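K.L.:
The sequence shown begins at 1 in the UniProt record's numbering and counts up one residue at a time.
Calculated directly from the structure, the hints in this document are not laboratory data. Computed from a prediction, not measured in an experiment: that's the story for all the values here. Take the hints with a grain of salt, since some may be wrong.
Mimicking DMTMM-like on lysine to aspartate or glutamate, the simulated pairs with C-alpha atoms at most 25 Å apart in a straight line are [unchecked claim]:
hint : residue 1 : residue 2
1    : 101       : 308
2    : 224       : 271
3    : 179       : 251
4    : 224       : 235
5    : 179       : 164
6    : 234       : 164
7    : 224       : 308
8    : 234       : 247
9    : 234       : 271
10   : 224       : 263
11   : 179       : 263
12   : 103       : 308
13   : 179       : 240
14   : 179       : 308
15   : 179       : 206
16   : 234       : 308
17   : 234       : 251
18   : 238       : 206
19   : 159       : 263
20   : 262       : 251
21   : 179       : 235
22   : 238       : 271
23   : 238       : 275
Distance windows between CB atoms, simulated [what the hints assert, rightly or not]:
hint : residue 1 : residue 2 : range
24   : 101       : 222       : 25 to 33 Å
25   : 103       : 271       : 36 to 44 Å
26   : 270       : 234       : 16 to 24 Å
27   : 184       : 129       : 12 to 20 Å
28   : 151       : 254       : 36 to 44 Å
29   : 148       : 250       : 47 to 55 Å
30   : 101       : 277       : 37 to 45 Å
31   : 127       : 234       : 23 to 31 Å
32   : 237       : 159       : 29 to 37 Å
33   : 271       : 130       : 32 to 40 Å
34   : 254       : 154       : 36 to 44 Å
C-beta: ideal position from N, C-alpha, C; glycine also.
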Amino acid sequence: MDQQQKSSTLREVRIPEEETKGINQPLSSPTLAAMVSSKPSQQTIWDGSTFEKSPTSSLPGRDGGTSFASDERSEVSPSLVSQPQPKTARERTPKRKPKQKRKPLNFCGPQTFTTILTGQPPHQQTFTLHTSLLTHTSSFFRQAFNNPSLVETRTQTMKLPNLDSTLFSIIVNHLYTRKILPAPPLPSKSASPPSQESNTPDQETDQVSQLTLYKLHTMAVHLKLPALQNEVVKELVKYEFKGSLEDCITEWEGLATYAFGKEMAGSVLREKVLEDLADVYLLLGKEEVREKGLGGGEKGVERFLVTEESDDD
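Work out the full structure: start from the sequences and follow the hints.
P.N.:
Laid out in structure tokens, this is it:
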């Protein structure tokens, strides 16, 4: 049969009617019915951040498997969406830059010196100190002598006319030795009236008066000397009065006058003065005064201490 006859034969082929029955009817196989079901199936899709639901149609693939085609998207259920968690306090706080460590105090090599003038003429006194010592122990002096725009930095000289020279000499000694010792009377170019307080060292204890200690603390706060503040508190704790009862009363009267003055306004030690004054008047007239002494005691002394600077700051 030639090619034309084969084509004619193929075109004339008709499928028997009984064999075409059921083609347009629903499939009887459950598996095939599920594959070509017109009902979209719900599939949860994870995109890395949120959950979404999209209806998909299951269609038979070319390899006999099942392929899923997304035709439309439905609203996302709030329960499936991952909500952003609130940031913790640590995450909200901006990171602070690490503090630069200060160089340790070093007197080796060439040194610069600073002049401090205390008091008023004609009773003015001159102190010459290592600049590195002042700037290392006090933020007050560090700001004054490390700022080119200030005259103190350019001249390396500072005038403190309202500062008592005798008290400042005790401060200078503490800067170099870390000890609070009574100062002898300073030389003066002209005769000066006697000091109202005596800093003459006691031959047995070498301690200064309580009034001097409180004044030192006030000055240390002004000059930002935390180490001296703490040392004063320690000296007040172990202070013992060994004079007569009359001398004791005189000293505490002067201390009470100073405590209620403007110089101690806002001072943390004013509370301690009031506590000690109450103890003194409770003990007046009792024999145990001489035995116990009139020191401030160690009760709650930690609340008067301050944080000292270190080389790591």
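K.L.:
Does the hinted range 32 to 40 Å hold for residue 271 and residue 130 at CB?
P.N.:
holds, 36 Å
K.L.:
Do the alpha carbons of residue 179 and residue 251 lie within 25 Å of each other, as the hint requires?
P.N.:
With Cα atoms ~23 Å apart, residue 179 and residue 251 stay inside 25 Å; holds.
K.L.:
Range hint 25 to 33 Å: satisfied by the CB atoms of residue 101 and residue 222?
P.N.:
holds, 27 Å
K.L.:
Given the hint that residue 224 pairs with residue 308, test it: the Cα-Cα distance must not exceed 25 Å.
P.N.:
holds, 10 Å
K.L.:
With 37 to 45 Å as the target window, see if residue 101 and residue 277 comply at their CB atoms.
P.N.:
Once the Cβ atoms are compared, 44 Å apart, the range 37 to 45 Å for residue 277 and residue 101 holds.
K.L.:
Sort out whether residue 247 lies within 25 Å of residue 234, counting only the CA atoms.
P.N.:
holds, 23 Å
K.L.:
Are residue 254 and residue 154 spaced within 36 to 44 Å by their CB atoms?
P.N.:
41 Å Cβ-Cβ, so the 36 to 44 Å window holds.
K.L.:
Under the criterion that the straight-line Cα-Cα distance not exceed 25 Å, is the pair residue 234, residue 164 satisfied?
P.N.:
Within the cut-off at roughly 22 Å; holds.
K.L.:
A range of 36 to 44 Å was offered for this pair. Does it hold for the Cβ distance of residue 103 and residue 271?
P.N.:
Hint holds: Cβ distance 38 Å, inside 36 to 44 Å.
K.L.:
With the threshold set at 25 Å, check whether the alpha-carbon distance from residue 238 to residue 275 stays at or below it.
P.N.:
Measuring from Cα to Cα gives roughly 16 Å; hence the hint holds.
K.L.:
Could you say whether the range 47 to 55 Å given as a hint is met by the Cβ separation of residue 148 and residue 250?
P.N.:
holds, 50 Å
K.L.:
Cβ-Cβ distance between residue 237 and residue 159: within 29 to 37 Å?
P.N.:
holds, 35 Å
Hint compliance for this structure: every hint is met.
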